[in-house]
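Novice: Sequence:
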Amino acid sequence: MPCYKRFAVAGASGTVGTHFLHAFERSPHGYDVTILTRKTGGNELFAHEWKKRGAKVHEVDYENEADLVRALNGIDVLISTVGAPGFHLQVPLVKAAKKAGVKLYVNSHWGSPLTAADLPELAALDELRNAPLRAAEEVGLPWVEFRTGSFPECCFPIPLFGLADLKHRRATIYGDGNAQNSWTTQADVARYVLHILRHISPQDIKNRRFNIQGDLKSWNEIVKLYEKKYPGSAVEEVYRPLAELEDKAENGQGVEAFHSSLMLAMVTGKAKHNQETLDNKEFPEWHPMGVVDVL
1 MPCYKRFAVA GASGTVGTHF LHAFERSPHG YDVTILTRKT GGNELFAHEW
51 KKRGAKVHEV DYENEADLVR ALNGIDVLIS TVGAPGFHLQ VPLVKAAKKA
101 GVKLYVNSHW GSPLTAADLP ELAALDELRN APLRAAEEVG LPWVEFRTGS
151 FPECCFPIPL FGLADLKHRR ATIYGDGNAQ NSWTTQADVA RYVLHILRHI
201 SPQDIKNRRF NIQGDLKSWN EIVKLYEKKY PGSAVEEVYR PLAELEDKAE
251 NGQGVEAFHS SLMLAMVTGK AKHNQETLDN KEFPEWHPMG VVDVL
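For what it's worth, this note's numbering labels the leading residue of the sequence shown as 1, then goes sequentially.
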(Lines of atoms letter the chains of each structure in order from A; the text may use other names.)
(Lines give C-alpha, C1' and ligand atoms only; values in the text may rest on other atoms or scores of the structure.)
Protein backbone atom coordinates (compact mmCIF):
# COMPACT_ATOMS: atom_id res chain seq x y z
CA MET A 1 0.00 0.00 0.00
CA PRO A 2 1.57 3.37 -0.99
CA CYS A 3 2.65 5.55 1.91
CA TYR A 4 1.67 8.74 0.10
CA LYS A 5 -1.57 9.12 -1.81
CA ARG A 6 -2.37 12.79 -2.23
CA PHE A 7 0.02 15.10 -4.04
CA ALA A 8 0.28 18.79 -4.89
CA VAL A 9 2.49 20.22 -7.62
CA ALA A 10 3.76 23.80 -7.56
CA GLY A 11 5.03 25.13 -10.88
CA ALA A 12 3.08 22.49 -12.79
CA SER A 13 2.84 24.44 -16.04
CA GLY A 14 6.61 24.34 -16.57
CA THR A 15 8.26 21.53 -18.51
CA VAL A 16 9.26 19.49 -15.44
CA GLY A 17 5.89 19.97 -13.77
CA THR A 18 3.98 18.94 -16.89
CA HIS A 19 5.93 15.69 -17.05
CA PHE A 20 4.91 14.99 -13.45
CA LEU A 21 1.25 15.50 -14.32
CA HIS A 22 1.55 13.06 -17.23
CA ALA A 23 3.26 10.56 -14.93
CA PHE A 24 0.43 10.87 -12.42
CA GLU A 25 -2.08 10.41 -15.23
CA ARG A 26 -0.44 7.12 -16.25
CA SER A 27 0.02 5.87 -12.69
CA PRO A 28 -1.69 2.55 -11.88
CA HIS A 29 -2.06 3.71 -8.28
CA GLY A 30 -4.70 6.31 -8.95
CA TYR A 31 -4.68 9.97 -9.75
CA ASP A 32 -5.07 12.35 -6.81
CA VAL A 33 -3.10 15.48 -7.59
CA THR A 34 -3.67 19.15 -6.91
CA ILE A 35 -2.16 21.87 -9.08
CA LEU A 36 -1.20 25.11 -7.37
CA THR A 37 -1.53 28.09 -9.69
CA ARG A 38 -1.18 31.78 -8.99
CA LYS A 39 -4.31 33.89 -8.60
CA THR A 40 -2.65 36.54 -10.71
CA GLY A 41 -0.32 35.65 -13.54
CA GLY A 42 -1.11 31.94 -13.49
CA ASN A 43 -1.62 29.83 -16.60
CA GLU A 44 -5.42 29.68 -16.68
CA LEU A 45 -5.69 27.65 -19.90
CA PHE A 46 -3.25 25.06 -18.59
CA ALA A 47 -5.09 24.77 -15.28
CA HIS A 48 -8.46 24.47 -17.03
CA GLU A 49 -7.19 21.69 -19.30
CA TRP A 50 -5.83 19.62 -16.43
CA LYS A 51 -8.94 20.19 -14.36
CA LYS A 52 -10.92 18.57 -17.19
CA ARG A 53 -8.48 15.65 -17.03
CA GLY A 54 -9.09 15.00 -13.35
CA ALA A 55 -6.64 17.22 -11.48
CA LYS A 56 -7.77 19.55 -8.72
CA VAL A 57 -6.75 23.18 -9.15
CA HIS A 58 -6.19 25.69 -6.37
CA GLU A 59 -5.51 29.31 -7.18
CA VAL A 60 -3.21 30.71 -4.51
CA ASP A 61 -1.49 33.90 -3.47
CA TYR A 62 2.04 32.84 -2.54
CA GLU A 63 2.33 35.82 -0.21
CA ASN A 64 -0.75 34.74 1.75
CA GLU A 65 0.12 31.90 4.11
CA ALA A 66 -3.50 31.18 5.04
CA ASP A 67 -4.28 30.80 1.34
CA LEU A 68 -1.47 28.29 0.90
CA VAL A 69 -2.45 26.34 4.02
CA ARG A 70 -6.02 25.96 2.75
CA ALA A 71 -4.79 24.72 -0.63
CA LEU A 72 -2.41 22.21 0.97
CA ASN A 73 -4.81 20.87 3.56
CA GLY A 74 -5.01 17.07 3.25
CA ILE A 75 -1.98 16.84 0.93
CA ASP A 76 0.64 14.17 1.71
CA VAL A 77 3.45 15.35 -0.58
CA LEU A 78 4.21 18.79 -1.99
CA ILE A 79 6.31 18.56 -5.18
CA SER A 80 7.97 21.80 -6.21
CA THR A 81 8.82 22.12 -9.89
CA VAL A 82 9.12 25.90 -9.95
CA GLY A 83 11.84 27.36 -12.15
CA ALA A 84 14.59 29.74 -11.06
CA PRO A 85 12.33 32.87 -11.12
CA GLY A 86 10.08 31.17 -8.56
CA PHE A 87 12.71 29.70 -6.22
CA HIS A 88 12.03 32.41 -3.64
CA LEU A 89 8.43 31.14 -3.35
CA GLN A 90 9.52 27.81 -1.92
CA VAL A 91 10.25 29.01 1.62
CA PRO A 92 6.67 30.28 2.21
CA LEU A 93 5.44 27.07 0.57
CA VAL A 94 7.43 24.97 3.03
CA LYS A 95 6.15 26.89 6.05
CA ALA A 96 2.55 26.64 4.87
CA ALA A 97 3.00 22.95 4.07
CA LYS A 98 4.07 22.21 7.62
CA LYS A 99 1.05 24.06 9.04
CA ALA A 100 -1.25 22.19 6.63
CA GLY A 101 0.03 18.79 7.77
CA VAL A 102 1.96 17.91 4.60
CA LYS A 103 4.19 14.88 5.26
CA LEU A 104 6.98 15.44 2.70
CA TYR A 105 8.40 18.28 0.64
CA VAL A 106 10.15 17.61 -2.70
CA ASN A 107 12.57 20.44 -3.46
CA SER A 108 13.03 21.94 -6.91
CA HIS A 109 16.65 21.15 -7.70
CA TRP A 110 16.19 19.21 -10.91
CA GLY A 111 19.35 19.01 -12.94
CA SER A 112 23.05 18.31 -12.64
CA PRO A 113 24.87 17.64 -9.36
CA LEU A 114 26.85 20.86 -9.80
CA THR A 115 26.99 23.17 -6.79
CA ALA A 116 28.76 26.43 -6.02
CA ALA A 117 31.73 24.37 -4.83
CA ASP A 118 32.14 23.19 -8.43
CA LEU A 119 30.99 26.37 -10.14
CA PRO A 120 31.17 29.66 -8.19
CA GLU A 121 28.64 31.23 -10.57
CA LEU A 122 26.01 29.00 -8.96
CA ALA A 123 26.43 30.57 -5.50
CA ALA A 124 23.36 32.82 -5.65
CA LEU A 125 21.25 30.08 -7.25
CA ASP A 126 22.40 27.55 -4.67
CA GLU A 127 21.37 29.89 -1.87
CA LEU A 128 17.84 30.10 -3.31
CA ARG A 129 17.63 26.33 -3.89
CA ASN A 130 18.91 25.42 -0.44
CA ALA A 131 16.87 27.96 1.54
CA PRO A 132 13.67 25.83 1.48
CA LEU A 133 15.62 22.83 2.82
CA ARG A 134 16.84 24.87 5.76
CA ALA A 135 13.30 26.13 6.31
CA ALA A 136 11.96 22.57 6.18
CA GLU A 137 14.45 21.42 8.82
CA GLU A 138 13.64 24.42 11.00
CA VAL A 139 9.92 23.63 11.04
CA GLY A 140 10.36 19.85 11.12
CA LEU A 141 9.09 19.00 7.65
CA PRO A 142 10.86 16.03 5.97
CA TRP A 143 12.30 16.83 2.55
CA VAL A 144 13.78 14.99 -0.40
CA GLU A 145 15.74 16.15 -3.43
CA PHE A 146 16.64 14.55 -6.75
CA ARG A 147 19.83 15.33 -8.67
CA THR A 148 19.05 14.11 -12.15
CA GLY A 149 21.84 15.11 -14.49
CA SER A 150 21.20 17.41 -17.43
CA PHE A 151 18.03 17.26 -19.51
CA PRO A 152 19.10 16.40 -23.08
CA GLU A 153 15.84 17.60 -24.62
CA CYS A 154 16.48 21.04 -23.08
CA CYS A 155 20.23 21.28 -23.68
CA PHE A 156 20.53 20.05 -27.26
CA PRO A 157 18.48 22.86 -28.89
CA ILE A 158 20.62 25.57 -27.23
CA PRO A 159 23.15 26.75 -29.85
CA LEU A 160 25.98 27.12 -27.35
CA PHE A 161 25.82 23.39 -26.55
CA GLY A 162 26.94 22.71 -30.10
CA LEU A 163 24.38 20.10 -31.11
CA ALA A 164 21.50 22.27 -32.32
CA ASP A 165 22.67 21.95 -35.93
CA LEU A 166 22.95 18.16 -36.03
CA LYS A 167 20.06 17.96 -38.49
CA HIS A 168 22.37 19.77 -40.92
CA ARG A 169 25.10 17.25 -39.99
CA ARG A 170 27.25 19.74 -38.16
CA ALA A 171 28.36 19.84 -34.52
CA THR A 172 30.50 22.25 -32.54
CA ILE A 173 32.52 20.57 -29.79
CA TYR A 174 34.54 22.35 -27.13
CA GLY A 175 37.72 20.66 -25.97
CA ASP A 176 38.41 17.12 -27.15
CA GLY A 177 34.78 16.00 -26.81
CA ASN A 178 35.63 12.97 -24.69
CA ALA A 179 34.39 14.11 -21.26
CA GLN A 180 31.16 12.34 -20.38
CA ASN A 181 28.07 13.98 -18.94
CA SER A 182 25.10 12.64 -16.99
CA TRP A 183 21.80 12.88 -18.90
CA THR A 184 18.22 12.06 -17.90
CA THR A 185 14.99 12.99 -19.69
CA GLN A 186 12.30 14.82 -17.77
CA ALA A 187 9.78 12.04 -18.39
CA ASP A 188 12.13 9.51 -16.81
CA VAL A 189 12.76 11.81 -13.86
CA ALA A 190 9.04 12.07 -13.11
CA ARG A 191 8.61 8.31 -13.41
CA TYR A 192 11.52 7.64 -11.06
CA VAL A 193 10.35 10.17 -8.46
CA LEU A 194 6.81 8.81 -8.37
CA HIS A 195 8.17 5.29 -7.91
CA ILE A 196 10.26 6.43 -4.94
CA LEU A 197 7.33 8.26 -3.38
CA ARG A 198 5.06 5.26 -3.87
CA HIS A 199 7.35 2.39 -2.92
CA ILE A 200 10.15 3.56 -0.62
CA SER A 201 9.42 3.94 3.09
CA PRO A 202 9.25 7.48 4.48
CA GLN A 203 12.18 6.68 6.79
CA ASP A 204 14.37 5.89 3.76
CA ILE A 205 13.32 9.05 1.91
CA LYS A 206 13.52 11.60 4.72
CA ASN A 207 16.07 14.38 4.19
CA ARG A 208 17.81 12.50 1.41
CA ARG A 209 19.29 13.39 -1.97
CA PHE A 210 18.82 10.83 -4.72
CA ASN A 211 21.36 10.83 -7.56
CA ILE A 212 19.97 9.39 -10.78
CA GLN A 213 21.22 9.08 -14.32
CA GLY A 214 19.48 7.95 -17.49
CA ASP A 215 22.58 7.91 -19.67
CA LEU A 216 26.28 8.74 -19.62
CA LYS A 217 27.61 10.10 -22.89
CA SER A 218 30.28 12.46 -24.22
CA TRP A 219 29.81 14.92 -27.07
CA ASN A 220 31.81 12.65 -29.39
CA GLU A 221 29.64 9.68 -28.44
CA ILE A 222 26.47 11.68 -29.07
CA VAL A 223 27.62 12.57 -32.57
CA LYS A 224 28.37 8.91 -33.33
CA LEU A 225 24.93 7.92 -32.05
CA TYR A 226 23.36 10.51 -34.36
CA GLU A 227 25.28 9.21 -37.38
CA LYS A 228 24.20 5.67 -36.62
CA LYS A 229 20.56 6.64 -36.08
CA TYR A 230 20.42 8.83 -39.19
CA PRO A 231 22.76 7.32 -41.82
CA GLY A 232 24.18 9.67 -44.42
CA SER A 233 27.25 11.80 -44.78
CA ALA A 234 29.54 12.12 -41.80
CA VAL A 235 28.70 14.86 -39.33
CA GLU A 236 31.13 17.75 -39.64
CA GLU A 237 32.68 18.12 -36.21
CA VAL A 238 34.14 21.56 -35.50
CA TYR A 239 36.38 21.49 -32.43
CA ARG A 240 36.81 24.72 -30.52
CA PRO A 241 39.33 25.45 -27.73
CA LEU A 242 38.11 25.54 -24.14
CA ALA A 243 39.64 29.00 -23.90
CA GLU A 244 36.71 30.35 -25.95
CA LEU A 245 34.24 29.16 -23.33
CA GLU A 246 36.45 30.44 -20.54
CA ASP A 247 36.49 33.88 -22.17
CA LYS A 248 32.70 33.94 -22.59
CA ALA A 249 32.22 32.80 -19.00
CA GLU A 250 34.57 35.48 -17.67
CA ASN A 251 33.73 38.39 -19.94
CA GLY A 252 30.22 37.65 -21.20
CA GLN A 253 27.01 39.07 -19.79
CA GLY A 254 23.90 37.56 -18.26
CA VAL A 255 22.59 34.32 -19.71
CA GLU A 256 25.49 33.94 -22.14
CA ALA A 257 28.04 34.06 -19.33
CA PHE A 258 26.06 31.66 -17.17
CA HIS A 259 25.50 29.15 -19.99
CA SER A 260 29.18 29.37 -20.91
CA SER A 261 30.21 28.57 -17.34
CA LEU A 262 27.76 25.69 -17.23
CA MET A 263 28.90 24.39 -20.60
CA LEU A 264 32.51 24.58 -19.51
CA ALA A 265 31.71 22.43 -16.49
CA MET A 266 29.85 19.92 -18.64
CA VAL A 267 32.51 19.50 -21.34
CA THR A 268 35.23 19.03 -18.73
CA GLY A 269 33.32 16.32 -16.84
CA LYS A 270 32.48 18.35 -13.74
CA ALA A 271 28.72 17.95 -14.22
CA LYS A 272 28.90 14.16 -14.25
CA HIS A 273 27.51 12.12 -11.38
CA ASN A 274 29.85 10.10 -9.23
CA GLN A 275 29.04 6.67 -10.65
CA GLU A 276 29.58 5.06 -7.26
CA THR A 277 26.78 7.05 -5.60
CA LEU A 278 23.97 6.57 -8.12
CA ASP A 279 20.56 5.59 -6.77
CA ASN A 280 19.21 4.00 -9.96
CA LYS A 281 19.11 0.69 -8.08
CA GLU A 282 16.17 1.97 -6.01
CA PHE A 283 14.01 1.44 -9.11
CA PRO A 284 15.30 -1.72 -10.84
CA GLU A 285 12.56 -1.63 -13.49
CA TRP A 286 13.22 1.99 -14.41
CA HIS A 287 14.98 1.42 -17.79
CA PRO A 288 15.34 5.13 -18.67
CA MET A 289 15.70 6.42 -22.20
CA GLY A 290 19.15 7.05 -23.61
CA VAL A 291 20.42 10.17 -25.31
CA VAL A 292 19.86 8.48 -28.66
CA ASP A 293 16.11 8.45 -28.01
CA VAL A 294 15.88 12.24 -28.02
CA LEU A 295 18.13 12.87 -31.00
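Incorrect hints may appear among the rest.
Claimed, not checked - Using 16 angstroms as the maximum straight-line C-alpha spacing, the simulated EDC-like pairs for lysine to aspartate or glutamate come out as follows:
| id | residue 1 | residue 2 |
| --- | --- | --- |
| 1 | K167 | E236 |
| 2 | K98 | E138 |
| 3 | K217 | D293 |
| 4 | K270 | E246 |
| 5 | K56 | D76 |
| 6 | K5 | E65 |
What the hints assert, rightly or not - Quick list of simulated restraints, FRET-style, between CB atoms:
| id | residue 1 | residue 2 | range |
| --- | --- | --- | --- |
| 7 | P231 | E282 | 36 to 42 angstroms |
| 8 | A66 | Q253 | 40 to 46 angstroms |
| 9 | E276 | R198 | 22 to 28 angstroms |
| 10 | G269 | M289 | 34 to 40 angstroms |
| 11 | D165 | G290 | 19 to 25 angstroms |
| 12 | V255 | P231 | 32 to 38 angstroms |
| 13 | E49 | Y230 | 33 to 39 angstroms |
| 14 | E49 | E244 | 51 to 57 angstroms |
Just so you know, the hints here were simulated from the structure itself, not pulled from any lab data. The C-beta atom is built at its ideal place from N, Cα and C for all residues, glycine as well.
Novice: Please list, smallest to largest, the hint numbers that this structure does not respect.
Specialist: 6, 10 and 14
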